[in-house]
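Novice: One letter stands for each residue in the lines below.
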Amino acid sequence: MDRSLVEQAQRGDREAFTRLAFELSDRLFAVAHRVLRDFDSAGDALQVTLLHIWRDLPSLRDPGLIEAWSHRILVRACHDQLRKQRRQAPALHLLAADGLVADPAISIADREQLDRAFRTLTGEQRAAIVLQYYRDLTLSEIAEVLQVPIGTVRSRLHYARRALRSAIEADARPTTRKGRTA
Amino acid sequence: MNRERDFDQTLRHWLEDGADQAPERFIWAALDNVGRTAQRGAWQASLEGFLMKFKSAAPYLGVAAVIVLAIAAYQVFVAPNIGNAGPSPSPSPTPRLFTSADLQNIVLTGANAPDSLTVDATQSGAAALLVPLRPGGPTIDQTAFVDALMTNLSTTETGGYVSWSALFATAGDAAVAFAFVSNEHGSGGWGMSRSSVGPGLGDESVTYTGAAYEIFPRNIVHIWRVDNLVLAAVAVGDVAVGDANADRLLAIAQLMDDRAR
Numbered sequence: 003m004d005r006s007l008v009e010q011a012q013r014g015d016r017e018a019f020t021r022l023a024f025e026l027s028d029r030l031f032a033v034a035h036r037v038l039r040d041f042d043s044a045g046d047a048l049q050v051t052l053l054h055i056w057r058d059l060p061s062l063r064d065p066g067l068i069e070a071w072s073h074r075i076l077v078r079a080c081h082d083q084l085r086k087q088r089r090q091a092p093a094l095h096l097l098a099a100d101g102l103v104a105d106p107a108i109s110i111a112d113r114e115q116l117d118r119a120f121r122t123l124t125g126e127q128r129a130a131i132v133l134q135y136y137r138d139l140t141l142s143e144i145a146e147v148l149q150v151p152i153g154t155v156r157s158r159l160h161y162a163r164r165a166l167r168s169a170i171e172a173d174a175r176p177t178t179r180k181g182r183t184a
Numbered sequence: 140m141n142r143e144r145d146f147d148q149t150l151r152h153w154l155e156d157g158a159d160q161a162p163e164r165f166i167w168a169a170l171d172n173v174g175r176t177a178q179r180g181a182w183q184a185s186l187e188g189f190l191m192k193f194k195s196a197a198p199y200l201g202v203a204a205v206i207v208l209a210i211a212a213y214q215v216f217v218a219p220n221i222g223n224a225g226p227s228p229s230p231s232p233t234p235r236l237f238t239s240a241d242l243q244n245i246v247l248t249g250a251n252a253p254d255s256l257t258v259d260a261t262q263s264g265a266a267a268l269l270v271p272l273r274p275g276g277p278t279i280d281q282t283a284f285v286d287a288l289m290t291n292l293s294t295t296e297t298g299g300y301v302s303w304s305a306l307f308a309t310a311g312d313a314a315v316a317f318a319f320v321s322n323e324h325g326s327g328g329w330g331m332s333r334s335s336v337g338p339g340l341g342d343e344s345v346t347y348t349g350a351a352y353e354i355f356p357r358n359i360v361h362i363w364r365v366d367n368l369v370l371a372a373v374a375v376g377d378v379a380v381g382d383a384n385a386d387r388l389l390a391i392a393q394l395m396d397d398r399a400r
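As you go down the protein sequences, you meet chains A and B in turn.
Heads up: the first sequence is residues 3 to 184, going by my numbering.
Heads up: the second sequence is residues 140 to 400, going by my numbering.
Hint data in this document are derived by calculation from the structure and do not stem from the laboratory.
No false leads were mixed into what you were given.
What follows is a set of in silico ranges between Cβ atoms, one per label pair, in the way DEER data are often shown: (1) Asp4(A) - Gly275(B): 18 to 24 Å; (2) Ser157(A) - Gln281(B): 40 to 46 Å; (3) Pro151(A) - Pro162(B): 31 to 37 Å; (4) Glu163(B) - Ile110(A): 27 to 33 Å; (5) Ile152(A) - Thr278(B): 39 to 45 Å; (6) Tyr161(A) - Asp386(B): 50 to 56 Å.
Which bits of chain A does chain B cover? Going by a derived footprint, with three or more residues having C-beta under 8 Å, they are: (7) 10-17; (8) 27-33; (9) 60-71; (10) 110-122; (11) 129-139; (12) 162-170.
These numbers come from a predicted model, not from an experiment.
Glycine is no exception: its CB is placed at the ideal position from the N, C-alpha and C atoms.
Could you put the whole structure together from the sequences, leaning on the hints where they help?
Specialist: Have a look at this one:
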């Protein structure tokens, strides 16, 4: 990330901020889409995030930390979007994982189970999973983004992994209840 | 172990499914809002952030605040008079150049602030230089800018203090910056009222009072210059009602000024 671009935007240069927004947006949107599993909600989270970044940019102490800082704002925006999603839960449950392209390396059953299990996770757990497995951040980097101790990140990852894993393993087990699909 | 690895692999593959590019319509919609939104000054942002934390902790801090205030009153008004051996030595007539390392000793930081003041936030470099300036206002010339340091002190719901200093290459450069920062607080900028009597600090100094920084209605700002340093001490809030008061602010400013001599 071009440090001088961040500094120009910090001084209120809207043209510099436009360039900065385009540089950041793909990565932010990709994370939001994976956390929220919904295209429009991810778009809303991105818009809120960009506006917050602009408004609070003068308070960013080290322009070199723009990536971590903007992801922190994004995670908060995703959290708000999740709350909205939960209020509208009946409608959203009718939607497929909007805009997601299926990876042939995973079976359809696994994908569905993962989707279902992922939606039961809290926003914090989802963010930790996406930052570790999609963005490949280290535990300390995730802790920095989420502003929580490393131990808390470990714990969130542990519970999230356990939930996701048991979803897949349950799917692999033979049918035990009438009407349940394997 | 293989199952663990397989699961991690499955998770990675699954997370690869999804959009990698942000649709431009979302970005342009956000930028459209940006065009109608002013940036928040760093003082405002850091104070608001602190106040949010303060609000949640307020029930527990009530008793502590009373104790801190009592100690503060003692430190600022009583302690400086104990063992005062007389007037301080005259400043050296030879102009000298401060360095970045001096900022740490002049600005009130966690390492050197009196016990009566707590340091809530610290900012340095160009970001600190821009803190007192209006977002979207005229740009300060940074050609001769070297470094800056700022701290938020003893912030409460009713006010707080700021200790700030910016370092420039020469005393002449600092004089230009002093005029700029001063003007930005006056009628050409935040619109604060300039006091007819300055604080009498450093080589040149001014005091402004009034609303600024889009936070509290009543603020006092002392801005002064010592050689190649521009300094400011600020009280924000309901001055003389909350914790931030004029006498305490002047004590902070004088402490910084003494350290710069």
